[in-house]
Every structure is written in structure tokens, then in C-alpha cells.
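Protein chains: 2
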Amino acid sequence: MQNMLEALQWRYATKKFDPSKKLTDAQLGLLEEALRLSPSSLGLQPWKFIVVSDPAIRAQLRKAAWDQPQITDASHLFVLAVKKNVDAKAVDDFVNSTAKIRKVGPETLSRLKEMLMGSITSRTPDQAREWGSRQVYIALGILLATAASEGIDACPMEGFDPKKFDEILGLEALGVESRVLAAVGFRASDDPAAQSVKSRFAKDEVIIER
Amino acid sequence: MQNMLEALQWRYATKKFDPSKKLTDAQLGLLEEALRLSPSSLGLQPWKFIVVSDPAIRAQLRKAAWDQPQITDASHLFVLAVKKNVDAKAVDDFVNSTAKIRKVGPETLSRLKEMLMGSITSRTPDQAREWGSRQVYIALGILLATAASEGIDACPMEGFDPKKFDEILGLEALGVESRVLAAVGFRASDDPAAQSVKSRFAKDEVIIER
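Protein sequence lines correspond, in order, to chains P and B. Quick note on this note's numbering: the first sequence kicks off at 1 and runs consecutively. Quick note on this note's numbering: the second sequence kicks off at 1 and runs consecutively.
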């Protein structure tokens, strides 16, 4: 594991993966666990993460993603998906799960539940989904940071057809919609994108002191 | 620096900070640099990060954030803000900055510019701002992961009045809107929230294999 700033300097949106290099089970498990532990507003975790390894499915997905080779050539494809409805049921699921983890009855969490319900019902379904989508992007940030810190390459991707992805992956039945992708694996030694100098605004253009 | 999974287990949304414990300059610089290096779609970095240390300003902000003590008691308050307009000018700024970094004339990046313009102009201003907001949440994820990996506590916060924050911080003039906060510093030894068992859905509820 490398220092986080070194890791963030080292990482880049990998365009050409080495298809022969696969994540070990330990590396895959670590990335999955990082996603599972990702923070979210109110702790509600309005998401599911689909880890696609099947080559036939990935060939189909590639067609729904502008034929981008990362989809099939990376070791694994992570599809980050948001719950379609962040509603009373989502709150119930979370409160029941929390009660189980903390080994208490759900009724002892009634104040938490009330607070969550108040927050959730203040949003329209569209607003709730957009709020949920933002949370998914926190998880994306955690995934990218974790991968880089472990020397694992990744390419975050928004360029795909979410409806087709949902269909191919059967996400309707899971109550989620695909939102953003991360192809994860190891860079090909001749990826031209690896040679580009990282382009970031200068510190004084993005960090403002008050 | 700790292993990322240990760090993600260790971190929690800190409710009570120790006001006497401050980030060192090195720690502050590291968090700022992690934000600056955060990935974003197309590399456009549609954001600014406001680092608030002034106690008088933070007292005002606290009033616009449900009087939450983290706002004033944490070592620093990070306000993550999105560009109001992700438009042709934002693309120009990025292309010019990239040309400078790569020591080439902006005209050599005309294909990149064309691609970015195509992508940007396909969105309505509202869609562009929402897309930008999602990117800001990647930076939030990167910030939280980096802080945790360095043993620095943080509390991500959505509960505040963005319009009032923008006014107090003078963000209108910078062309950005506050989107999400992270209070950053060190937990008080008696923060009750530190005692709560972390509540996350079980692996098979969030990780789906295909």
C-alpha cells in the first residue's frame, strides 16, 4: 500500500488494460469491502454494487458503452447502482439491519427511524433518486482511492447506456438503476494514456481560504 | 498511515470534535492536495473547495447549519462547491490549464476541446450542475478516504442552508455554489457516536455478482 498522495498521483483513468492480469481474490474482496464500508448521508447506503466478471455479459455491456475496450479488458467491471426508491421501505431495511448489527430490538431505534423518515419524505422521488446518485459517487471516490492505494488501476466511466445496462444485468428486479462504472484491473504496459501528464488546476484556483 | 480497510472501519461521522486539536500544516496541505487531485468526469474538475478556519465566519455558518457543533469545533471546515455553469468557459479554462501543464499550445488540444464541448453542450444548465454535483461527491469520497488513512477524523454534512453559506463565504463572486461539507479534525475522547457499532448492510445485500 502506498501513501495516498503518491497513489492519487500514480492513478489515472486507465484506457488500455492488460486482459491477462486479473485481480486476486484478496484484491477483489478488499475493493468490495471498501465499497460496502463507504459512507453515505444518514448512513442509508442507497445502493448496490454489481461486480461483473462473466465475459459474455461484458461483451454485451461493451456494445452498450460505445464499444469501449475497458469494459471487457479490465479484470473486473464494477457497476455502481442507486436504489430506485429511497422510501419508507429503504428506511425500514436500514433500521432493521442496524438493529440486528447492534443486537437491539428495532423499537429501540424509533428516534433514528423517525428522523430518517422525516428526511426521506421531504424529498420528491426524483430528488430522492438524485440524492441517492450523489451518494453513489462517494462510493466511487472511495473505490478509486482504495484501488490506487493498493496499486490497482481503474477507469471511472459515465459513457454508457444505463437502461441497456439495467436490462442486461437484470437490475429492475433488484430495485436499482446503474449510475456509473469503474473498470478495475491493471494497465497495459503500452497504454498511451499512462504517459499523459496529469492535468489539474493549480492549488490557488481550486482551494479557497476563508 | 493505516491500511484502507482498517481506516474505513476506524472512521465514522464524528459528532463531537476536540476543539483544542488542530490539523498540522502538513495534514491540512495533504487533504487539500488530495482534493485537488480528485478524479472527475472528463477531467473537468467542476469545483472549488473552501477551507474555513476563521472562527467568526464559522460561528455564522453554524447558524446556517442547524447549530451543529461540528461546524465550529472541528479543526477546519471544508465546503465543497460546484461550478454554477459548466459551460464553454469551463472547457476553455480546463484546456488552457492542460496546455500550460503539458507545455503545448492550446491549439494542439483541439480534438480534446471539441470532445469536451460536445459533451458539455449536450446537457441543459440544470443537468450540467447536477452532473457537476456528482463529481463533487467523488472529491468528498477521496477526502474522507484520505483523512481516514491518515488518522484524521471527519464528518460529512448535508444539513445546511447552501444559499446562506454561499452568501457568508462570498461564493457568488467565485461562480460556485456550496454543495456538501466536511468538518475535519480530531474526535473528542467522549464523543458518544464513536461508540456506535458501524451499521452497514451485509455483503450479500450490496455486492451482486454477474
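The reader is advised that the hints may include incorrect statements.
You can't tell identical chains apart in this list, so a pair holds if it fits in one copy or across any two.
Here are the simulated DSS-like cross-link-like pairs (lysine-lysine), alpha carbons at most 30 Å apart as the crow flies [said to hold, decoys possible]: (1) K203 - K21; (2) K198 - K163; (3) K84 - K21; (4) K84 - K163; (5) K63 - K15; (6) K89 - K63; (7) K100 - K63; (8) K103 - K163; (9) K21 - K103; (10) K103 - K113.
What the hints contain is simulated information worked out from the structure, not anything from laboratory work.
Hint check:
In this homomeric assembly, K203 and K21 come within 30 Å of each other (Cα to Cα) only across copies, at 25 Å, whereas the closest approach inside a single copy is 36 Å. In this assembly of identical chains, K198 and K163 lie within 30 Å of each other by CA distance neither inside one copy nor across copies; the values are 32 Å within and 33 Å between. Taking identical chains as interchangeable, the C-alpha atoms of K84 and K21 are never at most 30 Å apart, the minima being 35 Å within one chain and 41 Å between chains. Proximity of K84 to K163 under the C-alpha cut-off of 30 Å is found in both arrangements, the shortest distances being 13 Å within a copy and 28 Å between copies.
For the homomeric pair K63 and K15, the shortest alpha-carbon distance inside one copy (17 Å) is at most 30 Å, but the shortest distance between copies (46 Å) is not. Within a single copy, K89 and K63 get their C-alpha atoms no closer than 35 Å, and across copies no closer than 33 Å, so neither meets the 30 Å cut-off. In the homo-oligomer, the alpha carbons of K100 and K63 never lie at most 30 Å apart, since the shortest distance is 42 Å inside one protomer and 36 Å across protomers. Neither within a single protomer nor between protomers do K103 and K163 lie at most 30 Å apart by alpha-carbon distance, with minima of 39 Å and 41 Å respectively.
For the identical chains of this complex, K21 and K103 are neighbours neither inside a copy (42 Å) nor across copies (34 Å), given an alpha-carbon limit of 30 Å. In this assembly of identical chains, K103 and K113 lie within 30 Å of each other by CA distance solely inside one copy; the values are 16 Å within and 55 Å between copies.
Checked against the numbered hints given earlier, the structure breaks hints 2, 3, 6, 7, 8 and 9 and satisfies all the rest.
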